[in-house]
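Colleague: Protein sequence lines, in the order shown, are assigned to chains A and B. Counting in the numbering used here, the first sequence runs from 1 upward without gaps. Counting in the numbering used here, the second sequence runs from 1001 upward without gaps.
FYI, nobody ran anything at the bench for these hints, they're computed from the structure. Treat the hints loosely; a few may be bogus.
Claimed, not checked - Once the Cα atoms are required to be at most 20 Å apart in a straight line, the calculated EDC-like pairs of lysine to aspartate or glutamate come out as:
no., chain 1, residue 1, chain 2, residue 2
1, B, Lys-1101, A, Glu-105
2, A, Lys-95, B, Asp-1161
3, A, Lys-123, B, Glu-1073
4, A, Lys-123, B, Asp-1055
5, A, Lys-71, A, Asp-92
6, A, Lys-95, B, Glu-1040
7, A, Lys-123, B, Asp-1016
8, B, Lys-1047, A, Glu-116
9, A, Lys-123, B, Glu-1017
10, A, Lys-104, B, Glu-1165
11, A, Lys-131, B, Asp-1016
12, A, Lys-123, B, Asp-1118
13, B, Lys-1156, A, Glu-188
14, A, Lys-123, B, Glu-1111
15, A, Lys-104, B, Asp-1016
16, B, Lys-1101, A, Glu-99
17, A, Lys-104, B, Glu-1146
18, A, Lys-95, A, Glu-67
19, A, Lys-104, B, Glu-1110
20, A, Lys-104, B, Glu-1108
21, A, Lys-104, B, Glu-1111
22, A, Lys-104, B, Glu-1073
23, B, Lys-1043, A, Glu-116
24, B, Lys-1101, A, Glu-109
25, A, Lys-104, B, Asp-1161
26, A, Lys-123, B, Glu-1165
27, B, Lys-1156, A, Glu-67
28, B, Lys-1068, A, Glu-116
29, B, Lys-1156, B, Glu-1040
To be verified - To spell it out: a stretch of chain A is covered by chain B in this simulated footprint if at least three of its residues, at any positions, have a beta carbon under 8 Å from a beta carbon of chain B; those stretches are:
no., stretch
30, 97-106
31, 211-223
Please read these numbers as outputs of a predicted model, since none were measured by experiment. Think of the CB as a built atom: it goes at the ideal place given N, C-alpha and C, for glycine as much as any other residue.
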Amino acid sequence: MAFEVTIEQFSGPLDLMLYLIKDKKLDLFDLNILELANQYADFLNHAKEQKLEIAAEYIAELAGLIEYKSKKLLPRDKSELDVKELEDQETDLVKRLLEYQRYKEVSMELAVRYQERLQQHTKPISVQLLKDIKTSLKDSISYDQTPYDLMNAMVKVMQRFKLANPHEVSIERVEYSVDDRIISLRMEFLNKKVMTLDDLLEKSPNVSFMIVTFLAVLDMLRMGDLLLSTQNDAIYLKGAV
Amino acid sequence: MEDFGTLEAILFAFGDEGITKFQLQTVFNLDEGSCNTFVEDFKNHYKESATSGLDVVEYGGVLKLVTKQKHHEIIGELLEFNRTRQLSQAALETLAIIAYKQPITRVEIEEIRGVNSDMMCRRLEALDLICEAGRNDTPGRPILYEVTSSFFDVFKLTSLDELPEIKVEMIGENHELFK
């Protein structure tokens, strides 16, 4: 059996079941849960072989199917109670699948609307104008509003505040290593290229990179990787290899 | 009274913030009925205009000036589209469930989806597509969720009534499902 789909494609265990039902052209209203349980187990086993992470929800749903399957297959009393219990389990699952399917269908329609909306562009209101917006039209506000209206108003105020006061940006400190810099400098000095120390340092994007570059140059001179010459106040460096 | 130019100027100035009909009623000193007619006429004016690249939309009770959808392609050539603006299928499903069943608790959402939805609810809340709408009076007082006004905007909706109709296939009590 060829599985061309992976577990990540599904948004949950019910989504997977619906796929299997559709794939096998099973009728939701006339569903053979034994068959579904087998397919479901096959699929998860296959996913496991591919070392895909299977969330607990999938396993829980499979456990339910296997429980149903074992009850159905085991020889047992054909008492009224047992039959009723099995039927309830079947009805429950089908009900859940149908309900889930409805929301899945609707969500596809929502997706279309979402895409359409992305194609209608607005211009952002200017920050200055946003600050000046009158928040209340004093004479016309109604007083029968709920705390949630207040909450929504607060959310809006916060959004405006965020817009008018952009976040401070924190800069991540990148650690440079002298060893890494030596490796990159060796590449730069390949073919006996000559550079002045000033050139090299000026190209550094920041102070720490400059210091690391300087330390790397010192180290390379010590190891004999670089040759140094001073002329007219300038320090020339040349690859020694 | 019906000054299209004035309304156009207002909508341009307010951009994506837009303006509510209620605000328009106040500014133009109109009653609700004539304000609705004014807005409808104004919308049609744009819809029918061959020379204007703009449309007037009313999503979530807010009126906005937007570019016509047919110009998206050409505008798109000047834009770098941000893939993060895509909503996943799981996010859409969760939103659909909340929109149809609101106010709804996280556990009720999970019962329908069969998947833990804690992170998803938080993400949707952070995207300002759902918000807390109080708490349920059941043990643990779980949070109730509902959709926000930006939900309406993002899905081109004026109200929840415009949501696609859900096809209800009821399973009859006596329906023989399995033979």
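Colleague: Each hint should be assessed against the structure and marked as holding or not.
Modeller: Against the structure, the hints come out as follows:
Using a Cα cut-off of 20 Å, the hinted pair Lys-1101 (chain B) and Glu-105 (chain A) holds, with the two alpha carbons roughly 15 Å apart. A distance of roughly 25 Å separates the Cα atoms of Lys-95 (chain A) and Asp-1161 (chain B); the hinted pair therefore is violated under the 20 Å criterion. Taking the CA atoms of Lys-123 (chain A) and Glu-1073 (chain B), the gap is about 17 Å. The hint holds against a cut of 20 Å. At most 20 Å may separate the alpha-carbon atoms for a hinted pair to count; Lys-123 (chain A) and Asp-1055 (chain B) meet this at roughly 13 Å.
As the CA atoms of Lys-71 (chain A) and Asp-92 (chain A) are separated by approximately 16 Å, the hinted pair is consistent with the 20 Å bound. About 43 Å separates the Cα atoms of Lys-95 (chain A) and Glu-1040 (chain B), which puts this hinted pair outside 20 Å; it is violated. Using a Cα cut-off of 20 Å, the hinted pair Lys-123 (chain A) and Asp-1016 (chain B) holds, with the two alpha carbons roughly 6 Å apart. A distance of roughly 16 Å separates the Cα atoms of Lys-1047 (chain B) and Glu-116 (chain A); the hinted pair therefore holds under the 20 Å criterion.
In summary, the hint linking Lys-123 (chain A) to Glu-1017 (chain B) is supported, as the alpha carbons are separated by about 9 Å, within the 20 Å threshold. Restraint check for Lys-104 (chain A) and Glu-1165 (chain B): the C-alpha separation of about 13 Å stays at or below 20 Å, so the hint holds. Simply put, Lys-131 (chain A) and Asp-1016 (chain B) have alpha-carbon atoms about 14 Å apart, close enough for the 20 Å limit, and the pair holds. For a cut-off of 20 Å, the pair hint linking Lys-123 (chain A) to Asp-1118 (chain B) is broken: about 34 Å separates their Cα positions.
With a C-alpha separation of about 56 Å, the suggested pair Lys-1156 (chain B) and Glu-188 (chain A) falls outside the 20 Å cut-off, and the hint is violated. A threshold of 20 Å between alpha carbons decides the hint, and for Lys-123 (chain A) with Glu-1111 (chain B) the separation of about 40 Å lies outside it, so the pair is violated. Proposed proximity of Lys-104 (chain A) and Asp-1016 (chain B) is contradicted: the alpha carbons are some 30 Å apart, above 20 Å. For a cut-off of 20 Å, the pair hint linking Lys-1101 (chain B) to Glu-99 (chain A) stands: about 12 Å separates their Cα positions.
Between Lys-104 (chain A) and Glu-1146 (chain B), the direct Cα distance comes to roughly 18 Å. Compliance with the 20 Å bound is thereby established for this hinted pair. For the given pair, Lys-95 (chain A) sits about 18 Å from Glu-67 (chain A) by alpha-carbon distance, which is consistent with the 20 Å threshold. Proximity of Lys-104 (chain A) to Glu-1110 (chain B) is assessed by CA-CA distance (about 14 Å); at most 20 Å being required, the pair is judged to hold. At most 20 Å may separate the alpha-carbon atoms for a hinted pair to count; Lys-104 (chain A) and Glu-1108 (chain B) meet this at roughly 16 Å.
The suggested pairing of Lys-104 (chain A) with Glu-1111 (chain B) holds, with an alpha-carbon distance near 14 Å, which does not exceed 20 Å. Between Lys-104 (chain A) and Glu-1073 (chain B) the alpha-carbon distance is near 29 Å, which puts this suggested pair outside the 20 Å criterion. In summary, the hint linking Lys-1043 (chain B) to Glu-116 (chain A) is supported, as the alpha carbons are separated by about 18 Å, within the 20 Å threshold. As the CA atoms of Lys-1101 (chain B) and Glu-109 (chain A) are separated by approximately 17 Å, the hinted pair is consistent with the 20 Å bound.
Note on Lys-104 (chain A) and Asp-1161 (chain B): the hinted pairing holds, with a Cα-Cα distance of about 18 Å set against a maximum of 20 Å. Under the criterion of a C-alpha separation no larger than 20 Å, the hint pairing Lys-123 (chain A) with Glu-1165 (chain B) is inconsistent with the structure, at around 32 Å. In summary, the hint linking Lys-1156 (chain B) to Glu-67 (chain A) is not supported, as the alpha carbons are separated by about 44 Å, beyond the 20 Å threshold. With a C-alpha separation of about 10 Å, the suggested pairing of Lys-1068 (chain B) with Glu-116 (chain A) holds against the 20 Å cut-off.
Under the criterion of a C-alpha separation no larger than 20 Å, the hint pairing Lys-1156 (chain B) with Glu-1040 (chain B) is consistent with the structure, at around 16 Å. Given a C-beta distance limit of less than 8 Å, the hint that chain B covers the stretch 97-106 of chain A holds, as 8 residues qualify and 3 suffice. With 0 residues having a Cβ less than 8 Å from any Cβ of chain B, the stretch 211-223 of chain A misses the three-residue criterion, and the hint is violated.
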